[in-house]
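Engineer: Protein chains in written order, with the numbering used here: chain A, 3 to 198; chain B, 2 to 253.
Quick caveat, the hints were computed from the structure, so don't treat them as lab data. All figures in this text were calculated on a predicted structure; none of them were measured in a lab. Hints are not guaranteed to be accurate.
Said to hold, decoys possible - Okay, derived cross-link-like pairs now, DMTMM-like style, lysine to aspartate or glutamate, Cα gap no bigger than 25 Å in a straight line:
(1) Lys11(A) / Asp182(B)
(2) Lys197(A) / Glu73(B)
(3) Lys11(A) / Asp69(B)
(4) Lys181(B) / Glu43(B)
(5) Lys11(A) / Glu91(B)
(6) Lys11(A) / Glu73(B)
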Amino acid sequence: MDIAVIDYKGGNVQSVLFALERLGVQAMLTADHDVIRRADKVLFPGEGEAASAMRELRAQGLDELLPTLTQPFLGICLGMQLLGRHTQEGGGTDMLGILPFDVVRFEGSPEHKVPHMGWNTLQALRTPLFEGLQQEDYVYFVHSYYAPVGHYTIAQTEYPAPFSAAVQHRNFYAVQFHTEKSGPVGTRILENFLKL
Amino acid sequence: MLTKRIIPCLDIKDGRTVKGVRFEGLRDAGDPVALAARYAREGADELVFLDITATNQKRATLVALVRDVACELDIPFTVGGGIGTVADVEVLLLNGADKVSINSAALARPELINELATRFGSQCIVVAADARHHETDGWQIYTRAGTNNTGRNAVDWCREAADRGAGEILLTSMSNDGTKDGFALDITGAVSRSVSIPVVASGGAGTKQDFTNVFRQAHADAGLAASIFHFGEIGIRELKEHLRQDGIPVRL
Numbered sequence: 003m004d005i006a007v008i009d010y011k012g013g014n015v016q017s018v019l020f021a022l023e024r025l026g027v028q029a030m031l032t033a034d035h036d037v038i039r040r041a042d043k044v045l046f047p048g049e050g051e052a053a054s055a056m057r058e059l060r061a062q063g064l065d066e067l068l069p070t071l072t073q074p075f076l077g078i079c080l081g082m083q084l085l086g087r088h089t090q091e092g093g094g095t096d097m098l099g100i101l102p103f104d105v106v107r108f109e110g111s112p113e114h115k116v117p118h119m120g121w122n123t124l125q126a127l128r129t130p131l132f133e134g135l136q137q138e139d140y141v142y143f144v145h146s147y148y149a150p151v152g153h154y155t156i157a158q159t160e161y162p163a164p165f166s167a168a169v170q171h172r173n174f175y176a177v178q179f180h181t182e183k184s185g186p187v188g189t190r191i192l193e194n195f196l197k198l
Numbered sequence: 002m003l004t005k006r007i008i009p010c011l012d013i014k015d016g017r018t019v020k021g022v023r024f025e026g027l028r029d030a031g032d033p034v035a036l037a038a039r040y041a042r043e044g045a046d047e048l049v050f051l052d053i054t055a056t057n058q059k060r061a062t063l064v065a066l067v068r069d070v071a072c073e074l075d076i077p078f079t080v081g082g083g084i085g086t087v088a089d090v091e092v093l094l095l096n097g098a099d100k101v102s103i104n105s106a107a108l109a110r111p112e113l114i115n116e117l118a119t120r121f122g123s124q125c126i127v128v129a130a131d132a133r134h135h136e137t138d139g140w141q142i143y144t145r146a147g148t149n150n151t152g153r154n155a156v157d158w159c160r161e162a163a164d165r166g167a168g169e170i171l172l173t174s175m176s177n178d179g180t181k182d183g184f185a186l187d188i189t190g191a192v193s194r195s196v197s198i199p200v201v202a203s204g205g206a207g208t209k210q211d212f213t214n215v216f217r218q219a220h221a222d223a224g225l226a227a228s229i230f231h232f233g234e235i236g237i238r239e240l241k242e243h244l245r246q247d248g249i250p251v252r253l
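If we strip away everything but chain A, and leave its shape as in the complex, we get (with noise of 0.2 Å):
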């Protein structure tokens, strides 16, 4: 099976490697356009501040590019971000809108700190990306941004309101939590995405 991580500098995906290292997968680091068009699996994670990912995605023409993939795709935290339409970070950012959503700051209160930064649990689970998981199972997230509730949403976690824990249109899967830092539950989530 060929795996491509989408290489944009966008933070650290030497953990998501890893991750795959662990399940017995390899994977190419890459941005290169016909290696992402053949590959059988595209991951799509990435941490740090949307506007300037978005100014490498351009740079490289993948802003092109990624809307018009047809494999299994996974994005991861940012990755998850990027597919909405449009973001508040940096200003105000337009983004690849493969989904219909726009992200908004959380708005922070002494309960509830900005970062969301920790483990938290997950509800409302759909699809086959999320086999053999429970309801309540905890997994790991630090963002600061997120996407509200949707048609497209699969999983859903409170901070303290309910936002989009994971989404997904045709292809395209995302997740707003690391599963490659969510211990055995991440490990699972990982495992079910390369069986899709």
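Place chain B on chain A using the hints.
Structural biologist: Structure of chain B alone, referenced to chain A:
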């Protein structure tokens, strides 16, 4: 519901765990990767590696360690200890560290926090603040492994760090560290109320009740400890079961 985090801290020198670790069932208790994996299995929510190596080889051994840990571990970890430049942070993140903590370098040049947050995102920049209580001046911030009093008020400094883009504060009370008399609830609570980012409490943990107190009374988001975990005095699972009984949300 977001849970409170339990974070074992490993002191690292020349790529090995120091400060004494007495664990049965570990073939080599000085191997940080083996110890980290054990903590992860027992339910640690995150780990912190604090590098106290003073040699020139420091950076190379630390990078090698980060790679080994990231390769093995499926929970997040922070690396700290003498990190002073954007380049230092970049190489650690590229090799798989989830967060990097800065301390003396941030106090020497606070703009470093802004630069790191802009470059890598606030989520991976932890500002470690070491505070000591003075009868007359209150809680003051120390640097260089606790040898240098900066004269900065602890709450003011933590607020500035947050304003400059830190994603988390790791607050160690030097006055409590090693005493096992409990966390410093007053300064932890004061910092936690003053910043809108998560606060990790460190220094003084001796009993399970100490963790309940720091979460309930001081509103810490995470509790960090070293020796009580290394010496097996408190198991992570039994600590979390105690917290759950006390009504504190934990991942079990």
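Engineer: Would you mind confirming whether the straight-line C-alpha gap from lysine 11(A) to aspartate 69(B) stays at or under 25 Å?
Structural biologist: 22 Å, holds
Engineer: Is lysine 11(A) close enough to glutamate 91(B), meaning Cα to Cα at most 25 Å?
Structural biologist: 11 Å, holds
Engineer: Does aspartate 182(B) lie within 25 Å of lysine 11(A) when you go C-alpha to C-alpha?
Structural biologist: 45 Å, violated
Engineer: Please verify whether lysine 197(A) and glutamate 73(B) have alpha carbons no more than 25 Å apart.
Structural biologist: 23 Å, holds
Engineer: Mind checking the alpha carbons of lysine 11(A) and glutamate 73(B) for me, to see if they're no more than 25 Å apart?
Structural biologist: Given pair lysine 11(A), glutamate 73(B) holds - Cα atoms ~23 Å apart, limit 25 Å.
Engineer: With a cut-off of 25 Å on the C-alpha distance, tell me whether lysine 181(B) and glutamate 43(B) pass.
Structural biologist: 22 Å, holds
Hint check: a violation occurs at hint 1 only; the rest are consistent with the structure.
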